[in-house]
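Here are the chains, one letter per residue:
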Amino acid sequence: GAGVSQSPSNKVTEKGKDVELRCDPISGHTALYWYRQSLGQGLEFLIYFQGNSAPDKSGLPSDRFSAERTGGSVSTLTIQRTQQEDSAVYLCASSPGGQGLSGNTIYFGEGSWLTVV
Amino acid sequence: GDSVTQMEGPVTLSEEAFLTINCTYTATGYPSLFWYVQYPGEGLQLLLKATKADDKGSNKGFEATYRKETTSFHLEKGSVQVSDSAVYFCALTPNNAGNMLTFGGGTRLMVKP
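Protein sequences appear in the order of chains V and R. Start counting the first sequence at 7; every next residue gets the next number (this note's numbering). Start counting the second sequence at 1362; every next residue gets the next number (this note's numbering).
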C-alpha cells in the first residue's frame, strides 16, 4: 500500500520475553520515527532515523529498547525482557525529509498494539 | 524544552454545535504547528497545519490560526457532526531541529446526535 505499514498489528507476550515490531515507511521517505502511545501518557517520542542513522535516541525509555533501520527503509523496534509497563501502542511514522525541513508532513501507521501479560 | 498544552477532555457536544479545542505551546523561534486526529480504531491522521505566524490551516471544516503573540493554535469547527467524534492532538515541530513532533495530551471529542 501507499501508507506506513506496521506489523504485527496486535501482539500479546509474556513478561520477560523479547518482541520485535516492524515498520515499512512510505517509499522514498528518508525520515522515520517511533512513538509510543500509552493509556494516560499521551504520545511519547522514542527515536528518529534519518536514513539509516539515528541522530536522536533520546526518547528510548531504557536500555531494553533498541531500534535499527536498514537500507534506508524498513525499521525494527526491539524490546528485550518485556515488562508490563511496556504495554502500549507503538506508532511508526515517516516523512520525506529530516533535519532542517521543519513543516514536512509526518505520516503515521496504524500502530502495533503490545500487551505484556 | 518544547511543550504543547491542550484542554483536557472529554468534550461532549450535540450535533451542529460549535467546537473549540484550545492549544497553547512553548517553543523557541518559530515552530510549525499541527492538529492530528485519531478516529476510533485508526491511526493518527494529519488534520491541518500552519508553518508561520498568522497562517490559517483548514480541512474538513476545521480551522486553526497560528497566533505567535498568544502562542496558540486553537482548533475550531462551526458545526460538528457525529463522525467528528475522535481524539484530537495538537503538536509542533521546532524550526531548526528536524521534524520530531511534540504532542499535547490529546482531547477526546464526543458528538451526540
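Just to be clear, a hint being listed does not mean it is correct.
What the hints assert, rightly or not - Which stretches of chain R does chain V cover? Using the computed rule of at least three CB atoms under 8 Å from a CB of chain V, they are:
(1) 1420-1430
(2) 1465-1471
What the hints assert, rightly or not - Restraint ranges, calculated between C-beta atoms of paired labels, are given here:
(3) 1414/R with 80/V: 24 to 30 Å
(4) 1414/R with 103/V: 18 to 24 Å
(5) 1473/R with 20/V: 38 to 44 Å
(6) 14/V with 1371/R: 37 to 43 Å
(7) 1364/R with 45/V: 16 to 22 Å
(8) 102/V with 1421/R: 19 to 25 Å
(9) 1415/R with 50/V: 29 to 35 Å
Hints in this document: simulated from the structure, not taken from any laboratory. Computed from a prediction, not measured in an experiment: that's the story for all the values here. Glycine residues also receive a C-beta, built at the ideal position from the N, C-alpha and C atoms.
Q) If you check the beta carbons of residue 1414/R and residue 103/V, does the distance land in 18 to 24 Å? A) Cβ of residue 1414/R to Cβ of residue 103/V: about 22 Å, so the range 18 to 24 Å holds.
Q: Starting from the range 24 to 30 Å, see whether the pair residue 1414/R and residue 80/V falls in it by beta-carbon distance.
A: Given a distance of about 38 Å, which is not inside 24 to 30 Å, the answer is violated.
Q | Verdict for residue 102/V, residue 1421/R (Cβ pair) under range 19 to 25 Å | A | Because 23 Å falls inside the window, the suggested range holds.
Q) Between residue 1473/R and residue 20/V, does the beta-carbon spacing fit 38 to 44 Å? A) holds (41 Å)
Q: Apply the coverage criterion to the stretch 1465-1471 of chain R and chain V: a residue qualifies when its Cβ sits closer than 8 Å to a Cβ of the chain, and three qualifying residues are needed.
A: Result for this restraint: holds, n = 3.
**Q.** Check of the stretch 1420-1430 of chain R against chain V for coverage (Cβ-Cβ below 8 Å, three residues minimum)
**A.** violated (count 0)
(Q) Quick check: does the Cβ-Cβ distance between residue 1415/R and residue 50/V fall within 29 to 35 Å? (A) Check passed, 31 Å falls within 29 to 35 Å.
**Q.** residue 14/V paired with residue 1371/R, Cβ distance criterion 37 to 43 Å
**A.** violated (30 Å)
Q) Has the hinted range 16 to 22 Å been met by the Cβ atoms of residue 1364/R and residue 45/V? A) holds (21 Å)
In this structure, the earlier hints numbered 1, 3 and 6 are contradicted, and the remaining ones agree with it.
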